[in-house]
Structure formats: structure tokens, C-alpha cells
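Q: Protein chains in written order, with the working numbering: chain F, 1 to 125; chain R, 1 to 857.
Read the hints as simulated data drawn from the structure, not as lab findings.
Just so you know, these numbers come straight off a predicted model, no measurement behind them.
Possibly wrong hints are sitting among the right ones.
What the hints assert, rightly or not - Output of the computed footprint for chain F on chain R, the stretches with three or more beta carbons under 8 Å from beta carbons of chain F:
#1 517 to 526
#2 548 to 562
#3 813 to 821
Claimed, not checked - Not close to chain F: a few residues of chain R, all C-beta gaps over 10 Å, as computed:
#4 Ala43
#5 Phe54
#6 Leu64
#7 Asp134
#8 Lys222
#9 Thr233
#10 Gln240
#11 Val251
#12 Ala357
#13 Arg438
#14 Lys457
#15 Asp593
#16 Ala626
#17 His719
#18 Val770
Unchecked claim - Restraint-style ranges between C-beta atoms, simulated for each label pair:
#19 F:Glu88 to R:Gly435: 38 to 46 Å
#20 F:Pro21 to R:Ala787: 32 to 40 Å
#21 R:Ala787 to F:Glu88: 44 to 52 Å
#22 F:Asp41 to R:Gln589: 45 to 53 Å
#23 F:Ala91 to R:Val505: 28 to 36 Å
#24 F:Met93 to R:Thr792: 32 to 40 Å
Each residue gets a CB set at the ideal place from its N, CA and C atoms; glycine is no exception.
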Amino acid sequence: MTTAASAVTTQYLCDYDRLTPELGVAALVGDVQVAIFRLADGSIHAVQNLCPFSGAYVLSRGITGSRGDVPTIASPLYKQVFSLLTGECLATMDKAPRPGMSPDLAVYPLTLDNGQVFIDLAGTE
Amino acid sequence: MTDIQQIVVVGGGMVAHRFAEAMRDRDAEGRYAVTVLAEEPRAPYDRVALTSYFTGRDPEDLALGDPALWEDPRVRLERDARVEGIDREARTVTDKHGRTYPYDHLVLATGSYAWSPPMEGAELPGVFVYRTIDDVAALRIYVEQRAKELRRPVRGAVIGGGLLGLEAAGALQELGATSTVIQFADRLMNLQVDEGGGQALSRLIENLGVTVRCSTATKAIKPDKAGRAGRLTFADGGEQLVDVVVFATGVRPRDELGRSAGLGIGERGGVVVDDTCLTEDPAISAIGEVACIQGACIGLIAPGNTMAEIAVDRLLGGQSTFPGADTSAKLKLLGVDVASFGDAFATTPGALELTYADPVAGVYKKLVVTDDARTLLGGILVGDASAYASLRPLVGSELGGDPAGWLLPEGSVEGPNIELPDAAGVCSCNNVSAGAIRGAVTEHGCTDLAGVKACTKAGTSCGSCLPLVKKIVGDELEKSGIEISNALCEHFGMSRAQLFSAIQVSALRTFSEIIERFGTGRGCDLCKPAIGSILASLYNEHVLAQDRAALQDTNDRVMANMQKDGTYSVVPRVPGGEILPEHLILIGQIAQDYGLYTKITGGQRIDMFGARLDQLPGIWKRLVDAGMESGHAYGKSLRTVKSCVGSDWCRYGVQDSVGMAIALELRYRGLRSPHKIKLGVSGCARECAEARGKDVGVIATDNGWNVYVGGNGGFTPRHAQLLVEDVDDATVFQVIDRYLMYYIRTADRLQRTAPWQEEHEGGLEAIRQVIMEDSLGICADLDEHMARHIDTYEDEWAAVLNDPERLKQFTSFVNAPDQPDPSLAYVEQRGQRRPATPAERASGAVLIAPSTLEVRS
Ligand code: SRM
Ligand SMILES: Cc1cc2nc3c(=O)[nH]c(=O)nc-3n(C[C@H](O)[C@H](O)[C@H](O)COP(=O)(O)OP(=O)(O)OC[C@H]3O[C@@H](n4cnc5c(N)ncnc54)[C@H](O)[C@@H]3O)c2cc1C
Ligand code: SF4
Ligand code: FES
Numbered sequence: 001m002t003t004a005a006s007a008v009t010t011q012y013l014c015d016y017d018r019l020t021p022e023l024g025v026a027a028l029v030g031d032v033q034v035a036i037f038r039l040a041d042g043s044i045h046a047v048q049n050l051c052p053f054s055g056a057y058v059l060s061r062g063i064t065g066s067r068g069d070v071p072t073i074a075s076p077l078y079k080q081v082f083s084l085l086t087g088e089c090l091a092t093m094d095k096a097p098r099p100g101m102s103p104d105l106a107v108y109p110l111t112l113d114n115g116q117v118f119i120d121l122a123g124t125e
Numbered sequence: 001m002t003d004i005q006q007i008v009v010v011g012g013g014m015v016a017h018r019f020a021e022a023m024r025d026r027d028a029e030g031r032y033a034v035t036v037l038a039e040e041p042r043a044p045y046d047r048v049a050l051t052s053y054f055t056g057r058d059p060e061d062l063a064l065g066d067p068a069l070w071e072d073p074r075v076r077l078e079r080d081a082r083v084e085g086i087d088r089e090a091r092t093v094t095d096k097h098g099r100t101y102p103y104d105h106l107v108l109a110t111g112s113y114a115w116s117p118p119m120e121g122a123e124l125p126g127v128f129v130y131r132t133i134d135d136v137a138a139l140r141i142y143v144e145q146r147a148k149e150l151r152r153p154v155r156g157a158v159i160g161g162g163l164l165g166l167e168a169a170g171a172l173q174e175l176g177a178t179s180t181v182i183q184f185a186d187r188l189m190n191l192q193v194d195e196g197g198g199q200a201l202s203r204l205i206e207n208l209g210v211t212v213r214c215s216t217a218t219k220a221i222k223p224d225k226a227g228r229a230g231r232l233t234f235a236d237g238g239e240q241l242v243d244v245v246v247f248a249t250g251v252r253p254r255d256e257l258g259r260s261a262g263l264g265i266g267e268r269g270g271v272v273v274d275d276t277c278l279t280e281d282p283a284i285s286a287i288g289e290v291a292c293i294q295g296a297c298i299g300l301i302a303p304g305n306t307m308a309e310i311a312v313d314r315l316l317g318g319q320s321t322f323p324g325a326d327t328s329a330k331l332k333l334l335g336v337d338v339a340s341f342g343d344a345f346a347t348t349p350g351a352l353e354l355t356y357a358d359p360v361a362g363v364y365k366k367l368v369v370t371d372d373a374r375t376l377l378g379g380i381l382v383g384d385a386s387a388y389a390s391l392r393p394l395v396g397s398e399l400g401g402d403p404a405g406w407l408l409p410e411g412s413v414e415g416p417n418i419e420l421p422d423a424a425g426v427c428s429c430n431n432v433s434a435g436a437i438r439g440a441v442t443e444h445g446c447t448d449l450a451g452v453k454a455c456t457k458a459g460t461s462c463g464s465c466l467p468l469v470k471k472i473v474g475d476e477l478e479k480s481g482i483e484i485s486n487a488l489c490e491h492f493g494m495s496r497a498q499l500f501s502a503i504q505v506s507a508l509r510t511f512s513e514i515i516e517r518f519g520t521g522r523g524c525d526l527c528k529p530a531i532g533s534i535l536a537s538l539y540n541e542h543v544l545a546q547d548r549a550a551l552q553d554t555n556d557r558v559m560a561n562m563q564k565d566g567t568y569s570v571v572p573r574v575p576g577g578e579i580l581p582e583h584l585i586l587i588g589q590i591a592q593d594y595g596l597y598t599k600i601t602g603g604q605r606i607d608m609f610g611a612r613l614d615q616l617p618g619i620w621k622r623l624v625d626a627g628m629e630s631g632h633a634y635g636k637s638l639r640t641v642k643s644c645v646g647s648d649w650c651r652y653g654v655q656d657s658v659g660m661a662i663a664l665e666l667r668y669r670g671l672r673s674p675h676k677i678k679l680g681v682s683g684c685a686r687e688c689a690e691a692r693g694k695d696v697g698v699i700a701t702d703n704g705w706n707v708y709v710g711g712n713g714g715f716t717p718r719h720a721q722l723l724v725e726d727v728d729d730a731t732v733f734q735v736i737d738r739y740l741m742y743y744i745r746t747a748d749r750l751q752r753t754a755p756w757q758e759e760h761e762g763g764l765e766a767i768r769q770v771i772m773e774d775s776l777g778i779c780a781d782l783d784e785h786m787a788r789h790i791d792t793y794e795d796e797w798a799a800v801l802n803d804p805e806r807l808k809q810f811t812s813f814v815n816a817p818d819q820p821d822p823s824l825a826y827v828e829q830r831g832q833r834r835p836a837t838p839a840e841r842a843s844g845a846v847l848i849a850p851s852t853l854e855v856r857s
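Working from the sequences, and respecting the hints, build out all of it.
A: What follows is the structure, given as C-alpha cells:
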């Protein structure tokens, strides 16, 4: 998986108000595509936009939800469900990820500063 | 291979079929080859379901079992091969073509014929019996022709008021004829119900519009001027005008072959067999209605199937014997619930009868129990036979609790809840026990009713046991910890239909309010789109209105279909498949400008593939400006109304199918529903639009339109069933409005019309009553709801193009809106582009970068 390894990594993405609750958007950080979510409870989350099961960059267009207490995102192509907190794949829908890809997503820390959303790629979990 | 034994089966009816099927299932070593000689020109079919031939089913729909049986190398079926003689010495039979078949073992399965009493006029045109497909086909053609000539409803009469007579009376009504049942006995179904039941039954039958004359002996059928059946005269001097007469006066075994071969014949006919189904000639068995077993011929399918199984078992060296017949019966007439089982007439010494009657509601119920009131012996249920499926298998067992619980209307006392013993027979048609049904779940891993039906054959014949099968399957699944609740998902405990009413009644309009009131958590990709769809069905507001964008499935959310690489396809509506040349040119132009792949879809329109999220508004602006609109190819909503060219051009067309298709498509466009809906309209019976493969199919007739419902292609193809015949345009709209609205309100998530219709209690007939006779009193509401949909329709793409807030959704990257998705890669194929495969990407094959193709408009 592509992970940027540059030193100065915190980068401005957009204003918090630009994010609609429960509707993801994609962002381009260097050559890494990231999916950003603002949930109804006000929290913000970022995971890789690449869906490991389809190989397409689509997770920002999935449906948010929850499994128990864990906020989730479901891939729009084959409906796998991932935790927005850890990136863990919670439902593979009986499919294997694309060769060489992990079923789990990379999660990126976001920070909110004065109504602006920043991302730290180096902080990948 | 000389040691393969030849079995010849005479007769190609239901029991012959069961014999051949059981032999092939169980003769693992291939000891026997089976030749079935059938008099009828077709493979065995489901005679029990014969009446459904009138509700628009094809003869093929009556097919029994897996047709592959007849392809088996050890099974041979000769149609149109009536056997005329048996030579017991030479061990051969000869058919009507003079062909001779040697046998090692012969099985007589010639069934019965419909008997009509010797009566003046019984041979007139217009007089029918009711036994075979050919009989009912001839009846149907006659009634339809007479209806055209007479220009008034055809007058029908059925002589005989038993099970079959009442079914035939219903069939006549189905054909648009009036019907009178003439019964010699003092009550209807006198073999199954007692006097109290008979009275309740007459009232129910009369409520259906059928006239009942009991204690009436028909003397003669008098011809009209043209020499057709015209009048009935009765022994008491009365008369009745008729156009068509059906005899349902009983059946007689077709034992003529046995007689001429010198086999023993029962007192009232039938080839005598012992408990192993052997005749007095050990090389000949008889099974089914032709067999006189334990002193009687039995006119029901269940004992016939049992005999077939026994004959097979014996040939394979088994030891089974006939256990005695279950003569339980349930009337298959819609709206009239009658069942009788076990010792219905309390002939057991000391038997007690418990009765319950509610003449206002037309209900009569009787249970026959042992003198200590504990063990069930039999019963009669009229007007409400819902307990039949549960009670019948309990015959001979302890009832448990207060027997009154079974008699009183549901809810008035705590319903008895009994665990059936494994040995209790549940499906008598196919001889399936409660244990076998449980085994299907626990051992064969079936997880739903359909699976259990396929695995055990339970419920696949008359269907009367289905409620019980369903209950046992449910209980069993629950025990093994499999969730069978109809809850939508972990966030909502309700089914879609329940949630629909809850949302409707509470008038809530946002997801957050709905989940707070009726659910838990934050929702998911199951409940969110379902609620989005319910809100759209209820209020017909924009799919992206309020907080709804986040509810929609991927495709609805951006109003386009996501493809494998994350790009989208664009499908403008082409109502009825009719398209202007300038729209064709525009689509071509757009495809060229954006480098989109184009293809004609299976739904008679054009799909443009490979558009990026950020390109969708630009593409749609050009389409909308030119007067095109969203085709909802992405929605669980109306897709297309397929048409054939119809009477405008086609030399055979009898109605304007294109005009009708366009009218329907414009009427229902944008209608959100539990699953996608497709319609088709054909201009004549040749059916070039394949309308019967659609959720709703409209087929032109000389007099108007026939409307069929519940068809689909896809994974489980289904032919649509006839709902109404020969109706005008206005009625077509009204009927479809109500059908679709009722479906939208009550179907499960992602349940198409065919399974909805099948699983709806009472099936299509009950749905017909809801929408044609307003049995639930909701028609005005359904009409009003559809009218609101039609009035408030707006093109959702046009609406988005006018809304800068919603247009923001269509950016590639929130922080780089001008940068297209860099991951997309294409190769050329047959002059167009398609997504590159991972191997092509890896090999660095010549890729077409999408951005170089783009011409922004
Ligand atoms: C584009 C098209 C194929 C084509 O190039 O011809 C197509 C494409 C898809 N069909 Fe289809 N179906 C298309 C006509 C059909 C037809 C033929 C017809 O409509 O006469 C059928 C069989 C008829 C029927 O529906 O009863 C058909 C039966 C299905 C099914 C099976 C439904 C079922 O009840 O079993 C699915 C799966 C589903 O919906 O769950 C499906 C699902 C799909 C999906 C949505 C698969 C997916 O999840 O991506 C495809 C969307 C592609 C896209 O982006 O447009 N498609 N699909 C056709 C679009 C017609 C249109 O103009 O809207
Ligand atoms: C309208 C209707 C509704 C019914 N509903 C029910 C119901 O709800 N429940 C129930 O249990 N039963 C019902 N029955 C009865 C059930 O259909 C029969 O019990 C069952 O079909 C008997 O099967 P069989 O194979 O013995 O006879 P059949 O199905 O009658 O088959 C006998 C076949 O043998 C052929 N044949 C006869 N003589 C020859 C010959 N010499 N050579 C070659 N072929 C020959 C006949 O043409 C016929 O096709 C119904 C019957 C009808 C007509
Ligand atoms: S048949 Fe399968 S591959 Fe073809 S369009 Fe339909 S869903 Fe796609
Ligand atoms: S009892 Fe007739 S199908 Fe089960």
C-alpha cells in the first residue's frame, strides 16, 4: 500500500463547514487519495480512499453507519464494511482483497484547528 | 446389460410421475429401466393445480418436478400412447399404434375418468367434464367464444357440489361466466362437512356470487336453437337457462385394462391390490386412483403418492406396506376456507364433538375428540381454516391444553402451542413428516422455506401445509440460533413493511428522527437506503433533499451507476424505447466529446460508460437542455417500459403498444420502490416485448389489454400472471397504480414483485381482492398516493443542476477540485475504451489517459 513518508506531513484539507454530515469526500494528499468523513456526532475521520476489494478509489462515496458502537464505512462496490476508528475490515462479504492488499484500511489522524481540517499522513496507524 | 429389468408403467398421471421419480432417486444400482406409456399428449402434470390454468398459467406452469427426469437414460416417456391390451402370459402390453412393449414388471397407474350420470343432453356441445388440461382448455375456449357471441355474461352451471364442483364453479367465474352449483345432496361437500358446516359453506359460496341449489336432481340438458346446451330441467319441475354445463359428479377408476386382463376388480371398481400394491398377478402392481386398496379407490393425490413409493420400495426389496389413507381435504377456492380431516363425522365410538359457530362471520368449526376430550380424532373447519395445517398432523395425538383454543377466533384465548412429534405427517401430498422438515434444517443446512421445499418436496403440491412448514422451519432455525427475524438490520427491529407504516403514521421526514424514534445506533448500508426509498415513496421529494443524500445507495447518491473502476454510467430515459433522431445524435456527440463507451442496454435505451463523478453535471446539463431526463437506471424505482412497435407499423398489432408504454413510463417514472420495477407492453399476443417477463406486462387483445403481474428475468425467472383481461386504458392505469402502490407499501427490502406476490398471504388472488374488490378498504388511499406521485414528479437531474449546494457533491477532490482521479486507466477495444486490467496496468500497455480525451463543454 502507498504511504507517504515525507517529513513535513501535516496538511490543510478544507474547512470543517465544507463537510456535510455523513457524506464522505475524497482528498488528494500528494499522490495519496484519502476519504474524509464528518459524522452526525461532529467527529471527523480519514481512511484510505482505495477499496482493497475492488481496487477502485471509491470509499469516500460509501455509506457511513455503525456496528455496535463502532462507526463504519461500507464500500460502495461490494459492500465490505470497515471500522472508521481502526480501519479494520469488519465484513469481507466472503471476498478476498486484491492480491497484495490488506483487507484493512489505513487510518489517518485528522486535526481540527479554528474550523479547518488538517491531515497527518505520517501518523498512519 | 441384460440384467436390467424392464418396468412398464401404464398411465402418465401424477402417480406415474411419482413412481418414475422415486425409482430414479432410489434405484442407485440401476437395476430397473422405466417406460411410461401416457395417453395424454404431454408429460405428467399437476392435476391438483388444474384450476390455476384459468388464472393465466401456461400448461408448462403445471409441470411436475424436475423435467430432467425425462432425459434420464433409464426413463422413457411415450406420449399419446394409450395402452389397449395386456398379454399377461407373454408379459407385453400393446398401445393404440400397435407397438408392443415387453415388461418384467407392469404398473397400472391409469387413474380415473370423470364420470357423468347418463342424462339426456349430456353429449351436447357446451357440456364439459373437468379432469385434464384438454378438458379445461376446451371449456375455456368455449366460454370465451360464447362470451363474444352473446355480448352478455355467459351462464354457467356446475352439476355436483363436492370439492371439484366448487372448484369448477370458481373457475367459471374466473372466466367471466356466472355460475350456479346444482347439488343432489342436501348440502355442499356432503362427503366432507356436516349439516352445520354445509350451511356455513353455502353462505360463503353465495357471497362469492355463485348460486347454490341443493337437494336438486337434474333431469336433462335441453338444447337451444343451435343445438347447444341451453336449458337444465330438474326433477321437481324447475328449469334454468344455461350456456355451458360442467359435470363434477365424481370419478370412476379406469380399470378396463385390468378387467380385460382378468385381474380382480373391486365391488365399486378398481384393480384390487394388497397392502404392497400388488395385484393377484405378482408381475403387476396398481397404484393411484385405479387401485382398489383396503377395499376402496381413493381420489386423492397423497395416498396415490404413498402407493407409488411403496411399489418402488417393494421392487427394490423393501418391506413397506400401505398405512391406510389420510382423506383430509381442503377446498382450493379463494375466499372460501373449508377443510375436513380425520374422523370428521365422529364415527369413532364415544367420540365427542366440540363445535363453534358464528353465523354472522360465516364461521363453523368442529373438533372431534376422544371421550376424555384429550386426543384429536378429526374436524371440520368452515370459514376459517387457518388451524387446518396445524391440526391435521395432530390427529391421533393429545391436543394439550383447552381444545377450545383451537376453535375460538384468533386472539380470544391464548393460542395453544404444541410441538409436533417428529413422526407427524405435515405434508400429506408428498408424505413429509415434521421430522423430515426439521432434518432439512438441522442436517441439510436449509435456511429458508424455499430451501426446505426444494429439499423435502413439502408444500410443493396443493400448498395447504405451507403455513405449518413455515412455522416448523422458523422454530427449528430459531433453535439452532439462526436469526430469522425479519428485522431490517441491527439498527431496526422491524421489517420494511412495518417500518413503512411506522414512518407513514408518524409523519417523520428525516433519517435522524426516524432512527431516534424507531431504531438504535447510526444506521448502515442496509437500513439507510431502505429508509431513503420509503421516504421517497411517501413524499416523492428529491432523493438528495434534507439529510437524504447520505442515505442513498452509491448510485442514487450521485444519480448514476458506479462501474468497477469507480466511474459512472449515464442512462437518459427513453420512454417506451421511442427516441428522436436529434436525441440519438446528442448522445453520440456527448459520448465522443467525453470519450465514453456506448452500448445499447437490455432495456431499450443507451448507456454511456466511464464518466467521472466530476463530469456528471456537465453531461447531464447537455441532456437536460435538450429535453432528456434521468432514466433512473440507478434507482430502486421504475426502470424501463419495454415496448414492441405495435399497431402503428406492425401488420399484426391490434393496439398502440408504443403509446401505452410511453404513457406508463411517464406515469411511473421516478417511483421509488422496494426493488426495481420493469414493465413491458406488447401490441398483440405474439408478445415481442416479452411483457410477461416483467413486473407488470400489458398485452394487447382485440378488445383492450390484458394485464399480467409478477414477472421478472434475472436469477429466478418468473412469468407474470394474469390479473385482469380485456380492459380499457383507464383500467390498465388504475389496476397498475394500485398493484404497484400496494407492493411498495408491503414488500420487503429488495423483494421483487414475483416473490412478494408468491409470499403474500393468499397469493395473487388475495392481492386481486385488495386491488379489484377493495377488500382492505385502501384503494382510495392507494389511488390518492399514486396521483400525488404523478403530480409531484420532477426530473431529479434537472433539480440538481439548479442547486449549487448539491452540485458540490460532484467534485473529484475536496482540496483539488480541478484534478481528475489520477488512478483511472483505459485501453482501446473495438474502437472504444474500457478500463485497463491490473495486468495491463502492470505491463505498462498503452493506456489512454482519460483527461486527454476530455473536452469540457
Ligand atoms: C446496463 C444493463 C446491461 C446492458 O448493458 O444491457 C444492466 C446492468 C446492470 N444490471 Fe441488469 N442491466 C440491464 C438490464 C437488465 C435486464 C433486461 C431488461 O431490463 O429487460 C435484466 C433482466 C430482467 C429483470 O430485471 O427481470 C436485468 C437483471 C438484473 C438483475 C437481476 C434481478 C433479479 O430480479 O434477479 C440484477 C441484480 C439486482 O438488481 O439485484 C441486475 C443488476 C445490474 C447492475 C446494476 C449490476 C451492478 O450492480 O452493477 C448493472 C448496472 C450497470 C450500469 O451501470 O448500468 N440486473 N438487467 C441493462 C440496463 C437496462 C436499462 O436500460 O436500464
Ligand atoms: C381439478 C382437480 C382438482 C383436484 N384437487 C385435488 C386436491 O386438492 N387434493 C387431492 O388430493 N387430489 C385432488 N385431485 C385428485 C388428484 O388429481 C388425483 O388423485 C391424482 O391425479 C391421481 O393420480 P393418478 O396418477 O392416479 O391418476 P391421473 O392423474 O388421473 O393419471 C392417470 C393418467 O393415466 C392415463 N391413462 C388412463 N388409461 C390409460 C391407458 N390405457 N394407457 C395409457 N394411459 C392411460 C390418463 O390419461 C391419465 O393421464 C384433483 C383432481 C382434479 C381433476
Ligand atoms: S448480466 Fe451481469 S455483467 Fe451483465 S450487466 Fe447484468 S449484472 Fe452486469
Ligand atoms: S399437503 Fe399438499 S403440498 Fe403439502
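Q: Against each hint, give a clear statement of whether it holds in the structure.
A: Hints, one by one, checked against the model:
Coverage of a stretch by a chain is defined here by at least three residues with a beta carbon nearer than 8 Å to that chain's beta carbons; for the region 517 to 526 of chain R and chain F the count is 5, and the condition holds. Residues of the region 548 to 562 of chain R lying with their CB closer than 8 Å to a CB of chain F number 8, which satisfies the three-residue condition for coverage. A count of 6 residues in the region 813 to 821 of chain R with a Cβ less than 8 Å from any Cβ of chain F is obtained; the coverage claim is therefore met, three being the minimum. Every CB of chain F is more than 10 Å from the CB of Ala43 of chain R (nearest about 39 Å), matching its label as outside the interface.
Distance check on Phe54 of chain R: its Cβ is at least 44 Å (rounded) from any Cβ of chain F, clearing the 10 Å threshold; non-interface status holds. Chain F leaves Leu64 of chain R outside its interface by the beta-carbon criterion, the shortest separation being 35 Å against a cut-off of 10 Å. With a closest Cβ-Cβ approach of about 50 Å to chain F, Asp134 of chain R is found to remain outside the 10 Å limit, as its non-interface label requires. Here Lys222 of chain R stays apart from chain F, with its beta-carbon at least about 71 Å from theirs, past the 10 Å limit.
Against chain F, the non-interface label of Thr233 of chain R holds: every CB pair exceeds 10 Å, the least being about 71 Å. Chain F leaves Gln240 of chain R outside its interface by the beta-carbon criterion, the shortest separation being 65 Å against a cut-off of 10 Å. The non-interface label for Val251 of chain R is consistent with chain F: the shortest C-beta to C-beta separation is roughly 53 Å, beyond 10 Å. With a closest Cβ-Cβ approach of about 54 Å to chain F, Ala357 of chain R is found to remain outside the 10 Å limit, as its non-interface label requires.
No beta-carbon of chain F is positioned within 10 Å of the beta-carbon of Arg438 of chain R; the least distance is around 27 Å. Every beta carbon of chain F lies more than 10 Å from that of Lys457 of chain R, the smallest distance being close to 30 Å; the non-interface claim holds. The claim that Asp593 of chain R is not at the interface with chain F holds, since no C-beta of that chain comes within 10 Å of its own (minimum 24 Å). Against chain F, the non-interface label of Ala626 of chain R holds: every CB pair exceeds 10 Å, the least being about 28 Å.
The non-interface label for His719 of chain R is consistent with chain F: the shortest C-beta to C-beta separation is roughly 31 Å, beyond 10 Å. Against the 10 Å criterion, Val770 of chain R stays outside the reach of chain F, whose nearest CB is about 34 Å from its own CB. Checked against the given bound of 38 to 46 Å, the beta carbons of Glu88 of chain F and Gly435 of chain R, roughly 43 Å apart, stay inside it. Between Pro21 of chain F and Ala787 of chain R the CB atoms are about 35 Å apart, so this pair conforms to the stated range of 32 to 40 Å.
Between Ala787 of chain R and Glu88 of chain F the Cβ separation comes to about 49 Å, which falls inside the hinted range of 44 to 52 Å. At roughly 47 Å, the beta carbons of Asp41 of chain F and Gln589 of chain R sit within the given window of 45 to 53 Å. As the Cβ distance of Ala91 of chain F to Val505 of chain R is approximately 33 Å, the hint placing it in 28 to 36 Å holds. About 37 Å separates the C-beta atoms of Met93 of chain F and Thr792 of chain R, a value consistent with the hinted range of 32 to 40 Å.
The structure agrees with every numbered hint stated previously.
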